[in-house]
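Asker: In case you want the letters, here they are:
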Amino acid sequence: MPRPPASRRAALYGATAPEDAPPGLAAHLLQFGEELRGEGVAVGTSELLDAFEVLREVPWTEAEDFREGLAATLAKSQEDRRIFDLVFDRFFFRAAELAAVREGVAEGGGIDAAGAELNLETLRQEIARALREGNQGQMRDLARLAIAAFGRQGEGSGVIGVDVQRIRRSLGLRAEAQPDLAEEDPRRDGLPRDAIRRFEALLRQELERAQIERTESLPPARPLNELDRALPSGPLQDLAAVHRVVAQLKRRLKTQGQESRGRKRHAHVDVRRTMRASLETGGVPVVLKYKPVRPRRPEIYVLCDVSTSVTSASVFFLSVLHALHDSFRKMRSFVFIERISEVTDVFERERDFKAVSDAISRDAGVADISGYTDYGRVWSEFATLVEDDLHPRATVIVLGDARTNGRDPRADIFATVAARAGRTFWLNPEPRLYWNYGDSVIAAYERYCEAFECWTTGQLEDFVKALTRPVSAR
Amino acid sequence: MAASPQSIDDVAAGLRSVGYLPGESTALVSFLAAKLGKPILVEGPAGVGKTELARALSTYLGRGLVRLQCYEGLDEAKALYEWNYRKQLLRIQAEAEGAGWQEVQDDIFGEEFLLERPLMSAIAAEEPVVLLIDEIDKTDQEFEAMLLELLSDFQISIPELGRFEARTRPIVLLTSNNTRELTEALKRRCLYLWLDYPQLEHELAIVKLHTPDLDDAIARKLVEIIAMVRELDLKKPPSIAESIDWARALLLLGADDIDNEVFVQTMSVIVKHRTDLDVVAERVGMKLPVRAASAGQP
Numbered sequence: 001m002p003r004p005p006a007s008r009r010a011a012l013y014g015a016t017a018p019e020d021a022p023p024g025l026a027a028h029l030l031q032f033g034e035e036l037r038g039e040g041v042a043v044g045t046s047e048l049l050d051a052f053e054v055l056r057e058v059p060w061t062e063a064e065d066f067r068e069g070l071a072a073t074l075a076k077s078q079e080d081r082r083i084f085d086l087v088f089d090r091f092f093f094r095a096a097e098l099a100a101v102r103e104g105v106a107e108g109g110g111i112d113a114a115g116a117e118l119n120l121e122t123l124r125q126e127i128a129r130a131l132r133e134g135n136q137g138q139m140r141d142l143a144r145l146a147i148a149a150f151g152r153q154g155e156g157s158g159v160i161g162v163d164v165q166r167i168r169r170s171l172g173l174r175a176e177a178q179p180d181l182a183e184e185d186p187r188r189d190g191l192p193r194d195a196i197r198r199f200e201a202l203l204r205q206e207l208e209r210a211q212i213e214r215t216e217s218l219p220p221a222r223p224l225n226e227l228d229r230a231l232p233s234g235p236l237q238d239l240a241a242v243h244r245v246v247a248q249l250k251r252r253l254k255t256q257g258q259e260s261r262g263r264k265r266h267a268h269v270d271v272r273r274t275m276r277a278s279l280e281t282g283g284v285p286v287v288l289k290y291k292p293v294r295p296r297r298p299e300i301y302v303l304c305d306v307s308t309s310v311t312s313a314s315v316f317f318l319s320v321l322h323a324l325h326d327s328f329r330k331m332r333s334f335v336f337i338e339r340i341s342e343v344t345d346v347f348e349r350e351r352d353f354k355a356v357s358d359a360i361s362r363d364a365g366v367a368d369i370s371g372y373t374d375y376g377r378v379w380s381e382f383a384t385l386v387e388d389d390l391h392p393r394a395t396v397i398v399l400g401d402a403r404t405n406g407r408d409p410r411a412d413i414f415a416t417v418a419a420r421a422g423r424t425f426w427l428n429p430e431p432r433l434y435w436n437y438g439d440s441v442i443a444a445y446e447r448y449c450e451a452f453e454c455w456t457t458g459q460l461e462d463f464v465k466a467l468t469r470p471v472s473a474r
Numbered sequence: 001m002a003a004s005p006q007s008i009d010d011v012a013a014g015l016r017s018v019g020y021l022p023g024e025s026t027a028l029v030s031f032l033a034a035k036l037g038k039p040i041l042v043e044g045p046a047g048v049g050k051t052e053l054a055r056a057l058s059t060y061l062g063r064g065l066v067r068l069q070c071y072e073g074l075d076e077a078k079a080l081y082e083w084n085y086r087k088q089l090l091r092i093q094a095e096a097e098g099a100g101w102q103e104v105q106d107d108i109f110g111e112e113f114l115l116e117r118p119l120m121s122a123i124a125a126e127e128p129v130v131l132l133i134d135e136i137d138k139t140d141q142e143f144e145a146m147l148l149e150l151l152s153d154f155q156i157s158i159p160e161l162g163r164f165e166a167r168t169r170p171i172v173l174l175t176s177n178n179t180r181e182l183t184e185a186l187k188r189r190c191l192y193l194w195l196d197y198p199q200l201e202h203e204l205a206i207v208k209l210h211t212p213d214l215d216d217a218i219a220r221k222l223v224e225i226i227a228m229v230r231e232l233d234l235k236k237p238p239s240i241a242e243s244i245d246w247a248r249a250l251l252l253l254g255a256d257d258i259d260n261e262v263f264v265q266t267m268s269v270i271v272k273h274r275t276d277l278d279v280v281a282e283r284v285g286m287k288l289p290v291r292a293a294s295a296g297q298p
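So the sequences go chain by chain: A and B. Take 1 as the starting number for the first sequence in the working numbering and just add one per residue. Take 1 as the starting number for the second sequence in the working numbering and just add one per residue.
No wet-lab data here; the hints were simulated from the structure. Do not take every clue at face value.
[Claimed, not checked] Calculated pairs, DSS-like style, for lysine-lysine (alpha carbon to alpha carbon, straight line, at most 25 Å):
id	chain 1	residue 1	chain 2	residue 2
1	B	K235	A	K291
2	A	K330	B	K138
3	A	K330	B	K78
4	A	K291	B	K78
5	A	K291	B	K138
On a predicted model such as this, the values are computed, not experimentally measured, just so you know.
Modelling step: build the complete structure from the supplied sequences, incorporating the hints.
Answerer: Have a look at this one:
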């Protein structure tokens with residue numbers, strides 16, 4: 001097989017591997033670290049040094065140990081680990097393929113679909129069984145068989161992703177149960193979702209390998225897309241994620257502003273520390289030490305917009321509300337559309353998220369006639385409801401899009417509420433780009449509170465992080 | 001006996017010999033920690049054997065286990081060291097006359113008056129130990145910062161005494177339930193190990209190790225059900241410890257099969273929340289055969 005000309009070879013690998021890079025494992029490892037950084041994994045020099053140290057102990061010929069050893073030093077969280085695995089596969093796959101292209105090695109044919117009489121139905125079941133058992137090695141072989149049988153090499157669509165899905169479909173691999181299949185068919189009860197994902201990844205890899213062999217060139221390296229990068233999670237797990245973030249929120253709110261207060265308004269003498277301090281003066285307690293004041297429980301008021309303009313976000317908001325109720329005892333929650341309604345007792349009565357959202361949509365009685373949000377009315381009602389209870393230790397959190405439907409925003413009432421409460425936050429489910437367009441009047445409120453863009457758990461986390469910043473003088 | 005492992009397989013076999021079945025990467029990372037003297041940061045859901053790993057390592061390596069349980073508000077005085085001020089006072093009073101101030105001061109800030117707390121005693125030990133810092137995510141970031149000196153250089157700076165260097169190097173394990181993000185600085189100093197719920201076969205082996213009398217078929221069914229339960233969105237998914245508990249409970253009850261009835265009766269062993277119980281009964285219990293299926297047996 002003729003080797004591709006040098007100029008073309010240089011172009012193959014893009015920026016990731018310059019032709020003049022020094023050979024050897026060390027250089028490869030550094031490149032690998034560089035690629036991880038490119039995908040947003042924080043790999044410091046000390047991590048790379050650790051990785052080299054690890055490689056002194058772990059033979060690089062043991063594929064699994066090599067990978068795990070690198071992972072233990074380079075990927076320091078579960079998300080990082082996921083990206084690590086993807087980049088690891090991509091990097092070493094490409095490196096191996098590049099070497100093959102340079103050396104002109106071809107694997108030669110693989111399995112000839114026409115020659116071997118493949119029983120398609122048996123193959124389907126074989127693959128499903130391997131997926132169920134999660135046998136990685138077997139899956140790889142079967143992926144090749146599947147491509148040979150269903151891939152129609154040479155006349156594929158040319159887009160690997162499309163081919164992968166077509167093969168998966170013709171194999172009938174689904175995560176859902178397929179009750180119309182035969183009793184003994186392993187696909188009947190549905191297959192594990194992650195096994196299907198892994199199999200798809202193998203298919204993709206094998207197809208790429210075939211393509212590289214055919215074209216004798218590597219496709220341009222591309223960054224991981226968001227979908228691959230994210231941890232696999234269904235909508236149910238999102239609820240769990242919200243709960244986790246809210247647990248953090250609780251921690252932050254509990255300690256906020258207490259550091260300075262604790263020392264000023266002292267209460268009890270700390271005998272142990274006073275005695276300890278007295279050693280400097282020969283046992284005479286000259287300097288009194290005080291016990292720090294225990295942080296008090298924060299009080300929270302949450303207002304949640306449940307109107308139609310935020311329908312998509314309100315499930316998220318309600319789950320935030322639900323999680324908040326798990327964490328805070330002194331909390332009052334309200335939902336509003338045109339009018340406001342207190343739902344604290346609904347959350348206290350019902351433990352189940354679904355029951356709560358049903359109860360709220362059934363009998364909260366927040367929409368009057370039009371069903372459009374009326375922020376002005378909501379503020380005045382809220383102010384009368386809680387006027388006497390608001391105090392500087394209270395936190396008010398508003399979840400809403402600040403779209404008034406052309407009605408008076410009454411920012412003045414909101415200002416008095418914000419002035420009475422210690423801190424006021426606004427979580428807006430719309431991207432910042434849309435703020436103050438159309439009937440959105442967030443700017444009117446933003447003067448009196450801190451507004452955050454918030455429609456994913458990631459952004460909720462940002463909000464929680466922002467809470468730790470010292471309170472700005474407003 | 002103080003073993004020093006020579007290979008990954010050594011560690012794996014050693015851990016197995018003390019009743020801990022390590023996963024693929026667990027043995028590797030433990031081996032690296034022993035070899036390189038780096039702390040391990042173990043993360044994972046509750047009840048996958050993070051703490052147990054430290055215990056198993058200490059037994060296998062024949063080292064003592066020093067444990068520091070973290071909680072909110074843990075401070076230096078409880079984690080590192082504290083001056084024994086009572087003793088210091090006594091010392092001052094005993095020699096109130098005669099001795100000069102300088103002399104007394106030099107004296108009372110000696111090692112004799114130091115109260116060792118877990119971290120201090122771990123590095124001051126004559127024989128190397130295994131140091132377990134449990135649930136590091138429960139503490140504040142300030143405490144993490146305090147740990148950095150210990151974790152990277154194995155030394156503690158005491159203002160009055162100077163630097164206190166480790167006599168022996170402990171193997172350090174930090175566990176975290178991932179309830180908050182740990183600081184980059186801490187992570188950088190550690191090897192990272194993510195322990196997840198084990199694969200089916202692995203868990204089966206663990207259950208069998210702890211309840212060797214349990215029938216194979218039941219044990220397999222048990223871990224399959226546990227895996228099913230974990231897939232549901234529960235407040236608290238069952239841990240490995242709970243599947244072992246359940247296996248023991250079944251053994252005690254003399255159950256010959258896990259059918260719907262047995263499951264509903266005993267599932268409180270693995271599910272600990274009222275709302276979770278309903279979900280599990282509905283989603284998993286339904287799939288199990290009812291008693292009628294096995295009624296043919298005497």
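Asker: Please go over all the hints and tell whether each is borne out by the structure.
Answerer: A quick look at each hint next to the structure:
A C-alpha spacing of about 37 Å is found between B:K235 and A:K291, which places the hinted pair above 25 Å, so the restraint is violated. Of the supplied pair hints, the one linking A:K330 and B:K138 holds, its CA atoms being roughly 22 Å apart against a limit of 25 Å. Between A:K330 and B:K78, the direct Cα distance comes to roughly 31 Å. Violation of the 25 Å bound is thereby established for this hinted pair. The suggested pairing of A:K291 with B:K78 holds, with an alpha-carbon distance near 16 Å, which does not exceed 25 Å.
Distance hint between A:K291 and B:K138 is fulfilled; the C-alpha atoms sit about 22 Å from each other, no more than 25 Å.
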